[in-house]
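**Q** Each chain is listed here by its residues.
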Amino acid sequence: GQNIDQPTEMTATEGAIVQINCTYQTSGFNGLFWYQQHAGEAPTFLSYNVLDGLEEKGRFSSFLSRSKGYSYLLLKELQMKDSASYLCAVRDQGQAGTALIFGKGTTLSVSS
Amino acid sequence: GAVVSQHPSRVICKSGTSVKIECRSLDFQATTMFWYRQFPKQSLMLMATSNEGSKATYEQGVEKDKFLINHASLTLSTLTVTSAHPEDSSFYICSARDLGSGGIKKLFFGSGTQLSVL
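Note that the protein sequences, when read in sequence, are chains A and B.
This note's numbering numbers the first residue of the first sequence as 1 and each following residue consecutively.
This note's numbering numbers the first residue of the second sequence as 1 and each following residue consecutively.
Here chain A stands alone, though its shape is the one from the complex (with noise of 0.2 Å):
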C-alpha cells in the first residue's frame, strides 16, 4: 500500500533551525515534494528531490535518501511566517499517474 509518514506538530522560536522528517512508503516512486499550506490556501511548492542527497534553497534544504525511504526538510533562520503545515508528497507511478500522494502534514508552530 501507499503510506507517508510525517510527524504531525513540531514548534520551534525564531531563528531557530528544524528538521521536519518524512518516510514513505509507495508501489513506485518519480519524485519527493515538500509543499508548505498556511490554514484555508492551497499549498505552495518549496522543493523537490528526485535523486539522493541535499537540495538547497535559500533557508530551505530538502534530503533524500532513495534506499531508506527517507526525506526531510530543514528550515533554516526561522521566521514567524514559517509558522504552516508542511506537506511531504511522493509522485507515484502507479493507478493514480502523474498525481501526487501526500503525508497529512506537519504544523510547525514558531513562537519568538
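Derived from the structure by calculation, the hints contain no laboratory data.
One should not assume that every hint holds.
As the list claims (entries may be wrong) - Residues on chain A that point at chain B, a partial pick, calculated with CB under 7 Å:
1) 39
2) 60
3) 99
4) 100
5) 102
6) 103
7) 104
To be verified - Just the calculated beta-carbon pair ranges, DEER-fashion:
8) A:76 with B:62: 36 to 42 Å
9) B:111 with A:70: 29 to 35 Å
10) B:68 with A:27: 26 to 32 Å
11) B:26 with A:79: 25 to 31 Å
12) B:16 with A:76: 47 to 53 Å
13) B:116 with A:8: 20 to 26 Å
All C-beta atoms in this analysis are idealised placements derived from N, C-alpha and C, irrespective of residue type, glycine included.
Starting from the structure of chain A, add chain B where the hints point.
**A** Coordinates of chain B only, in the frame set by chain A:
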C-alpha cells in the same frame, strides 16, 4: 510562473443542492488536472484525475455519480458535487502540471474551495 485559478473560494449551501467548482489553467494548457479533498487537519486526498476530452479516473471510494468531473477544454475542469450533504463539507483543491514548462514538473494548485453544507 504557471497559474491555476479556482472558483468559488467559499460556498455555503443547503443539503441536497449541487455545487459546481471551476478550475482554470490561466497561462498553460493542462491535459490533466487533479482534484483533491482535504478535511481539517488531514492530508490532501486525491479524488480523481481529470482528463481533457475523456472520462475522469476516480480513486477508490470516491463516488463518480456524486462528484461529476468535466474537462471539456485544455484550460478548464469542473467538479460538481451533486446532492451535497453535510459530510461533503471539506476543502476542495484542484491542481495541474505545466508539462511545457521544462524543469521540475511540479503541481500548481488552485486557491481551493471551502464547501460548507448546512
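**Q** With reference to the structure, classify each hint as holding or not holding.
**A** Evaluated hints:
1. Using the Cβ-Cβ criterion of 7 Å, the hint placing residue 39 of chain A at the interface with chain B is not satisfied: the shortest such distance is roughly 9 Å.
2. Interface hint at residue 60 of chain A: violated, since its Cβ lies 14 Å from the closest Cβ of chain B, which is beyond the 7 Å cut-off.
3. At its closest, the beta carbon of residue 99 of chain A sits 5 Å from a beta carbon of chain B; the interface hint therefore holds under the 7 Å criterion.
4. Hint status for residue 100 of chain A: holds, given a least beta-carbon distance of 6 Å to chain B, under 7 Å.
5. Against a cut-off of 7 Å between C-beta atoms, the interface hint on residue 102 of chain A holds, since the closest Cβ of chain B lies about 4 Å away.
6. A hinted interface residue such as residue 103 of chain A counts as satisfied when its beta carbon comes closer than 7 Å to some beta carbon of chain B; here the least separation is about 6 Å, so the hint holds.
7. Because the smallest distance between the Cβ of residue 104 of chain A and any Cβ of chain B comes to about 4 Å, under 7 Å, the interface hint for this residue holds.
8. Checked against the hint of 36 to 42 Å, the pair residue 76 of chain A and residue 62 of chain B passes, with Cβ atoms roughly 39 Å apart.
9. Judged by the Cβ atoms, the range 29 to 35 Å given for residue 111 of chain B and residue 70 of chain A holds: they are separated by roughly 32 Å.
10. The hinted range of 26 to 32 Å is satisfied by residue 68 of chain B and residue 27 of chain A, whose Cβ atoms lie roughly 28 Å apart.
11. Judged by the Cβ atoms, the range 25 to 31 Å given for residue 26 of chain B and residue 79 of chain A holds: they are separated by roughly 30 Å.
12. Separated by about 51 Å at the C-beta atoms, residue 16 of chain B and residue 76 of chain A satisfy the suggested range of 47 to 53 Å.
13. Between residue 116 of chain B and residue 8 of chain A, the C-beta spacing of about 25 Å keeps the proposed range 20 to 26 Å intact.
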